[in-house]
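Taken in sequence, the protein lines are chains A and B.
Here the first sequence stands for residues 2 to 219, where the numbers follow the numbering used here.
Here the second sequence stands for residues 14 to 266, where the numbers follow the numbering used here.
Careful, some of the hints might be misleading.
As the list claims (entries may be wrong) - Pairs of lysine-lysine, DSBU-like flavour, derived with a Cα cap of 35 Å:
| no. | chain 1 | residue 1 | chain 2 | residue 2 |
| --- | --- | --- | --- | --- |
| 1 | A | 11 | A | 122 |
| 2 | A | 125 | B | 34 |
| 3 | B | 149 | A | 171 |
| 4 | B | 239 | A | 125 |
| 5 | A | 125 | B | 163 |
| 6 | B | 144 | B | 34 |
| 7 | B | 239 | B | 149 |
| 8 | A | 41 | B | 34 |
Rather than coming from a laboratory, the hints here were simulated on the basis of the structure.
Predicted model only: the values in this text are computed from it and were never measured.
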Amino acid sequence: MPLTREQIAKRIAEEVQEGYTVNLGIGIPTLVANYIPLSKSVMLQSENGLLGMGPFPFEGSEDADLINAGKQTITTVLGSSFFSSADSFAMIRGGHIDLTVLGAMEVDQDGSIANWMVPGKMIKGMGGAMDLVAGAKNVIVAMQHTDKEGNSKLRTKCTLPLTGVKCIKKIVSDFGVIEITEQGFVLLEHAPDMTADHVLKFTEGKMTLHPKCKKMVF
Amino acid sequence: MSVFVSKKVYPNAKSALEGVKDNMTLLVGGFGLCGIPENCIEALRDSGVKGLTCVSNNAGVDDFGLGLLLQTRQIKKMMSSYVGENATFERQFMLGELELEFCPQGTLAERLRAGGAGIPGFYTATGVGTKIAEGKEIRRFDNRDYILEKAITGDFAFVKAWKGDKFGNLIYRKTARNFNPMVATAGKITIAEVEELVEIGELNPDAIHTPGVFVQRIFQGINYEKRIEQRTTQKAVQISVHKAVAKSVQKRA
Numbered sequence: 002m003p004l005t006r007e008q009i010a011k012r013i014a015e016e017v018q019e020g021y022t023v024n025l026g027i028g029i030p031t032l033v034a035n036y037i038p039l040s041k042s043v044m045l046q047s048e049n050g051l052l053g054m055g056p057f058p059f060e061g062s063e064d065a066d067l068i069n070a071g072k073q074t075i076t077t078v079l080g081s082s083f084f085s086s087a088d089s090f091a092m093i094r095g096g097h098i099d100l101t102v103l104g105a106m107e108v109d110q111d112g113s114i115a116n117w118m119v120p121g122k123m124i125k126g127m128g129g130a131m132d133l134v135a136g137a138k139n140v141i142v143a144m145q146h147t148d149k150e151g152n153s154k155l156r157t158k159c160t161l162p163l164t165g166v167k168c169i170k171k172i173v174s175d176f177g178v179i180e181i182t183e184q185g186f187v188l189l190e191h192a193p194d195m196t197a198d199h200v201l202k203f204t205e206g207k208m209t210l211h212p213k214c215k216k217m218v219f
Numbered sequence: 014m015s016v017f018v019s020k021k022v023y024p025n026a027k028s029a030l031e032g033v034k035d036n037m038t039l040l041v042g043g044f045g046l047c048g049i050p051e052n053c054i055e056a057l058r059d060s061g062v063k064g065l066t067c068v069s070n071n072a073g074v075d076d077f078g079l080g081l082l083l084q085t086r087q088i089k090k091m092m093s094s095y096v097g098e099n100a101t102f103e104r105q106f107m108l109g110e111l112e113l114e115f116c117p118q119g120t121l122a123e124r125l126r127a128g129g130a131g132i133p134g135f136y137t138a139t140g141v142g143t144k145i146a147e148g149k150e151i152r153r154f155d156n157r158d159y160i161l162e163k164a165i166t167g168d169f170a171f172v173k174a175w176k177g178d179k180f181g182n183l184i185y186r187k188t189a190r191n192f193n194p195m196v197a198t199a200g201k202i203t204i205a206e207v208e209e210l211v212e213i214g215e216l217n218p219d220a221i222h223t224p225g226v227f228v229q230r231i232f233q234g235i236n237y238e239k240r241i242e243q244r245t246t247q248k249a250v251q252i253s254v255h256k257a258v259a260k261s262v263q264k265r266a
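Using the sequences and the hints, build the whole thing.
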């Protein structure tokens, strides 16, 4: 069995270190916030102009002037600040954000990512994704390893239009944890009910096993 | 000491729009439906002005925000970073009735900031090696490639603030600030609509987000809907406890 969305989020939360400033994208990345232990002091950045994002508000206390980048009503934590979009992307482009977590349609063995358009389909836009992958110190991708037909989304070369070039260092897919190095994909951990061989078989790009590759435990 | 007498105050959105003509470029503040100039957008719709190029991070939803001007086909071209959530937009774009230029969100914010600051262009790593870089100058600094992005200015700029004074000083509220401060600087004529218009001297100078020099016209907005796009909440466990306590107190009383 591949990992659930929650398990992917839980594993990524382990990568979040004490004192980090983190930007979480829409979808599985948003769930990561639920698994960051309260004992870790972490500030969540929302690129529409907030540092110090808190949980959803209680019913009845929603504020139309307080939303996240997914346009959801949210709250703030102690120590939060508001700022303009220009200041927000100065933080992002200027390398002041420690970690960005976002989704992807494809990632290739060089660390290039495609997640904003499919030719022939309506394009919604890249939003802040191109700035985030170009600017954050570390980018982790949360994604499905294969499409519905079982085709690998971890490719030799991305086939879809790119969001960023050679900017991804780590992927947590529903098959495992993969590092991207000069030698291509390196499998660090595999899903509990899945062999490492199975992950290799369903990866199109060049992938090697890390000597200490281990089974994930949840 | 002289007291500044303001000629910037207009009675309403309709009067403030004087001079907005067909085929102009308009800059519009807001992120999603948060912090959008609701009154000006409605007045633009009612004015019937058309062939507009609108620079705005998003394009509203079908029946609110810039979506209102799409419904009436007053917009010829959009420059945005994200236009999901709008079926009218999708239909017009697919039929080739609407031009669209995508711009990464941070690049859009900086292009507007540069426009307002008199900087004609800047280099950024955002979009290098992607479709966005096509046709743009590439320059290498310290072993990294950057692309040249040009500044954006507009014939008119529309912003929404929480409070403003009659000189045009503006204070935004929470995440409704977003693109408004840069948009305010980049219009030949900037129109600010505010929830509360106060006298000069009533706002704390240390708290001003947009200094009044950037604002040419200001008016007190009316009937703000402030629609929420995604109403997300958590179960009110603590609140229900409070309610239970309140009930028991009421019973006792």
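Given hint residue 34 (chain B) paired with residue 125 (chain A) - CA-CA distance at most 35 Å: Holds - the C-alpha atoms of residue 34 (chain B) and residue 125 (chain A) are around 29 Å apart, at most 35 Å.
Check whether the Cα positions of residue 125 (chain A) and residue 163 (chain B) lie no farther apart than 35 Å. 23 Å, holds
Keeping to a limit of 35 Å between CA atoms, is the pair of residue 239 (chain B) and residue 149 (chain B) held or broken? Violated: residue 239 (chain B) and residue 149 (chain B) sit about 38 Å apart, past 35 Å.
Need the status of pair residue 144 (chain B), residue 34 (chain B): alpha-carbon distance at most 35 Å? The hint holds at about 33 Å.
So if I understand the rule, the pair passes when the alpha-carbon distance is 35 Å or less; does residue 11 (chain A) with residue 122 (chain A) pass? 32 Å, holds
Residue 149 (chain B) and residue 171 (chain A) were given as a pair; does the straight-line alpha-carbon distance stay at or below 35 Å? Judged against 35 Å, a Cα distance of about 30 Å means the pair holds.
Given the hint that residue 41 (chain A) pairs with residue 34 (chain B), test it: the Cα-Cα distance must not exceed 35 Å. The given pair, whose Cα atoms are some 55 Å apart, is violated under the 35 Å limit.
With a cut-off of 35 Å on the C-alpha distance, tell me whether residue 239 (chain B) and residue 125 (chain A) pass. At roughly 23 Å apart (the allowed maximum being 35 Å), residue 125 (chain A) and residue 239 (chain B) satisfy the hint.
When the structure is compared with the earlier hints, violations turn up for hints 7, 8 and for no others.
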